[in-house]
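S.K.: Since chain A is already given, all that's left is putting chain B on it; use the hints.
Number of protein chains: 2
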Amino acid sequence: MLDNCVTRRGILFVVSGPSGVGKGTIRSALLAKMGDIQVSISVTTRKPRTGEVDGGHYFFVDEKEFERMVAEDEFLEYARVYTNMYGTPKKFVLEKLQEGQDVLLEIDIQGALQVKNKMPEGVFIFILPPNIEELAVRLASRGQDSQESITRRLAACKYEIEQVRHYDYAIINDRLEEAVKKLQAIITAERCRVKNLNLGCDIT
Amino acid sequence: MLDNCVTRRGILFVVSGPSGVGKGTIRSALLAKMGDIQVSISVTTRKPRTGEVDGGHYFFVDEKEFERMVAEDEFLEYARVYTNMYGTPKKFVLEKLQEGQDVLLEIDIQGALQVKNKMPEGVFIFILPPNIEELAVRLASRGQDSQESITRRLAACKYEIEQVRHYDYAIINDRLEEAVKKLQAIITAERCRVKNLNLGCDIT
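Heads up: the protein sequence lines correspond to chains A and B, in order.
The opening position of the first sequence corresponds to residue 3 in the numbering used here, with each subsequent residue numbered one higher.
The opening position of the second sequence corresponds to residue 3 in the numbering used here, with each subsequent residue numbered one higher.
The following block holds chain A by itself, in its conformation from the complex:
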C-alpha cells in the first residue's frame, strides 16, 4: 500500500505582502475553508484584551521574558510595533511541522524575510495589490491616515512590492474569492511535491 505509508513532513506557508493589501482577510477566508492547517501563534508583550487567552490568539509574556527569548534565539522573527514587541516562536512552529502539521504564518514583508533567512525551506507567498493606486484608496479609506502618511507609505509600498522577487509565489488580490482559491491551490500543490513526501515502503 502506498496510501498507508505516504507520510509527509509539515510545510511552513508564509503569507505576506504590503500593508493594506488584504492578506489578513485572505488568511481568514482560507481558514474558513481549510481546516487542516495550523496557524502560527505569536508571542507578544502587549496586554491581553478582553476575551483573549494565552496560547489562543497570542502567547502573552512580559518584556523581560521576551528579551530572554531574543537573546536565546527563540524567534523566527520579531519586531517592535509602537511600544509592544511581537515575535514568532521557533519552537511552536518546529513542533507542529515535526508532527506533520502544516503551519500558516501571515506576516509583513520584513518579518517574512527574517523567517526566510532561518527557514528557507518554507513556502513564501506574496500578496500583490491589483494596482498601486487601488492600494492608496484602501489605505485612505481606512480613514486613519493623513495624506502625507499615505504618500510616504505608498513609496514604501513600491519598495516592498519589489521584494516579491524573494518569494516563491505571487497572488494578485483582485477578487478575494479568486485569491483564496489560488492560495488553496498552492497549499494543495505543495503537499504533492515529491521532496515533501516520504514515499517509503512498497516502492523500494
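Source of the hints: derived by calculation from the structure; they are not laboratory data.
Not one of these hints is a red herring.
Identical copies go unnamed one by one, so any copy, or any two together, can satisfy a pair.
Below, in silico cross-link-like pairs of lysine-lysine (DSSO-like), each with a Cα-Cα straight-line distance of 27 Å or less:
hint, residue 1, residue 2
1, K49, K92
2, K120, K93
3, K197, K160
4, K93, K118
5, K98, K35
M.R.: Relative to the frame of chain A, chain B by itself:
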C-alpha cells in the same frame, strides 16, 4: 496597473506514470474542466484511423520524414511502439509556450525522462497507483494480458515507480476526482510562481 502587465511564459506540464495507472483518464477529466491548456500533439508514422485528421489527434508522417526529424533533433522525445514511431515535436511545444500558452503532455516514464533532459524547466507530475496490487488488478481486468505478462509488467512497474524521484510532484490516483483536483491545483499554483511571472511595469 499590475493586472495589465503581468505577462507569463507558457509552462510545460508533463503528466506521467506507469502503464495502467490511469494517467489518460486523468488527462481527459482535466481537459473537460480546464479549457486554457494546450494538449501536445504527437507525430506518428502509423496510418490515420477513420475520423482522425492531421494536426488533430496526431501529425501523420511517413517513416522517412520521421527519420529526418530524429536526425535533425526535432523531437523532445520519441519511441517505437511495435511497428510504429511516435514522437513529441519540439517546435509545436516551443511555439505554444512562446505564445504564453501552457502545454500538457501525457506520456510514459521513459518519454518523460527524455523530455526532462531537453526541458528541465518543465513541471513533471507523476501519477502513482494507490497500491501495486491494485495496479495488478487493473492490468488483469483489461483482459489483454497473460499472467506471466502481468508478473513481468509488475516488476517493471516497481522499477518505474522508483523514478518518481526525478519528478516535481506526485499524485496518488486513489479517487479520480481527487486526483484531477490535485492536478488542477498544481497547474494553478505553478501559474502563480514568481519565476514564471513577468512582473513588469509598475513595480520598478
